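Engineer: Same order as they appear, the protein sequences are chains A and B. Note that our numbering has the first sequence beginning at 1284, numbered continuously upward. Note that our numbering has the second sequence beginning at 3, numbered continuously upward.
Note that these hints are calculated values from the structure, not bench results. Please note that the accuracy of each hint is not assured.
Unchecked claim - On the chain A side, residues computed to face chain B include the following (Cβ under 10 Å):
1. C1347
2. L1393
3. P1395
4. P1396
5. L1407
Said to hold, decoys possible - Listed next, with one range per pair, are the computed distances between beta-carbon atoms:
6. A/R1319 with B/A172: 33 to 43 Å
7. A/S1353 with B/A220: 46 to 56 Å
8. B/I133 with A/S1353: 35 to 45 Å
9. B/V57 with A/R1319: 27 to 37 Å
10. A/D1324 with B/P80: 51 to 61 Å
Note that the structure is predicted; figures quoted are calculated from it, not measured. The beta carbon of each residue, even a glycine, is placed where N, CA and C say it ideally should be.
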Amino acid sequence: MHSVSLGRVLRAGRCLCLVLGLAACASNGAPATPTRTVCPDPDPGTLTWDNFGMQFMADYCTSCHSSTLSHSQRNGAPLYHDYDTLLGVLEIPDHIDQYAGSGPAATNTLMPPSRCPSVPGGALDRDCPEPSVSQRADLSLWIACERNRPHTFVTSARVPGDSLAR
Amino acid sequence: MHDVHQREAVAAGRPWRLARAALVAVLAVPASAVSADHDMAMHDHQHVDAHELAVGLAVEAASYDTEFYVGSYQGVTPSLTWMHGRFGASTAITLYHLTQNGLSRYGLGDTMLGGHAIVLERDAIRAGLAIHIMLPTGSSLDNLGMGHTMAMPSLWASWRVSPWTVAASAGYSRALADLGGHNHGLAPLVDPMNMQELAFRAAADVDLGHGMQLGGRAQGGVPIGTGSTHVFGGGRFAWGTPRVSTGVELQVGVAGDPFTVRGVLDTALRF
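If we strip away everything but chain A, and leave its shape as in the complex, we get (with noise of 0.2 Å):
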């Protein structure tokens, strides 16, 4: 039978008391995504609407996900469900980390579909282009911090689950 001696209770409690700490102060006290993805602190900013997020989302997703589109062109995607905008990300960025993001909790690839249209608004006509992994990844790291940064427009959360308005 071991004898555990106070000492090395203390300095176990100690490490713990670290590494919550670390953990704590990497996620800026923000919460983490649906993937449990957390945005460094301080924020790296190496991944912004104009350099990754605008092109991911035409890339993948705008041809059905667009305010530019009616509800019959849509192809089946949700009303309010526009990521040609900054502002229309926003409003669920845990809704697409849920359905398109990669994580230490999950790869999700749900989303894009398996069929897709040529052009926005049309037939779905040819099979949809897959985001690598690598890029899912940055997709959830890239909303982790995006959503924590200053913006000038207000979001209303529509989906269950996504609270944040700012």
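Knowing the structure of chain A, use the given hints to seat chain B on it.
Structural biologist: Showing chain B alone in chain A's frame:
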């Protein structure tokens, strides 16, 4: 509901005779299969000593306009019901064609399994309990299924004084899943419900004679926790014989966007 044969309905000792038709028909109604569930109760369920088997077929068409989706759906639901004495069991599944925001797709909905028992049986009053299990055979991603197994125990009672039949039921519906980690609100687009809710249904019917019956319905659910209250009402006209009965129902969404308008035609054949 399908107490369509008035002469038999008023015959001595057999006031609930056509009630079996009601039960079968109710269970055959597709979209309502899940929530109409409790209905068996509400309606005439006759205590039969012999085994009775019934097959049903229902078709439905609906349009909807929810916060995120606009479109329509059509469904075909075969059903099978068995009854013996105070007990009965049933199963039903719907094949849907769903159009949502311009996308058209076909698919199965969730599968409904049900069991019920009569607990109280008097001349004019029947009451009992039921439990329905909904298996997630429909795709939740395609808005055809809940994505979870649902358990729906309920209590029901009906009161009949010819030519009137009034019935009501109340139940508790719950997803057999971790409600804390995920709550999609009212879903799916076809026959939506909350992950946890109190469900209710009320119906009143009057025999018109010559095997015809006219009635009104109200049905809905109130969420427990996150979700939306959903209610619809409608009118029903039914006709037939104790062996074969047919009904047509027109329903209107009242609260929670279950649908804008829905029509259901159902028929049942008993052996």
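Engineer: Hint by hint, say whether it matches the structure.
Structural biologist: Here is how each hint holds up against the structure:
no.	hint	verdict
1	C1347	9 Å, holds
2	L1393	6 Å, holds
3	P1395	13 Å, violated
4	P1396	9 Å, holds
5	L1407	8 Å, holds
6	A/R1319 with B/A172: 33 to 43 Å	41 Å, holds
7	A/S1353 with B/A220: 46 to 56 Å	34 Å, violated
8	B/I133 with A/S1353: 35 to 45 Å	44 Å, holds
9	B/V57 with A/R1319: 27 to 37 Å	50 Å, violated
10	A/D1324 with B/P80: 51 to 61 Å	58 Å, holds
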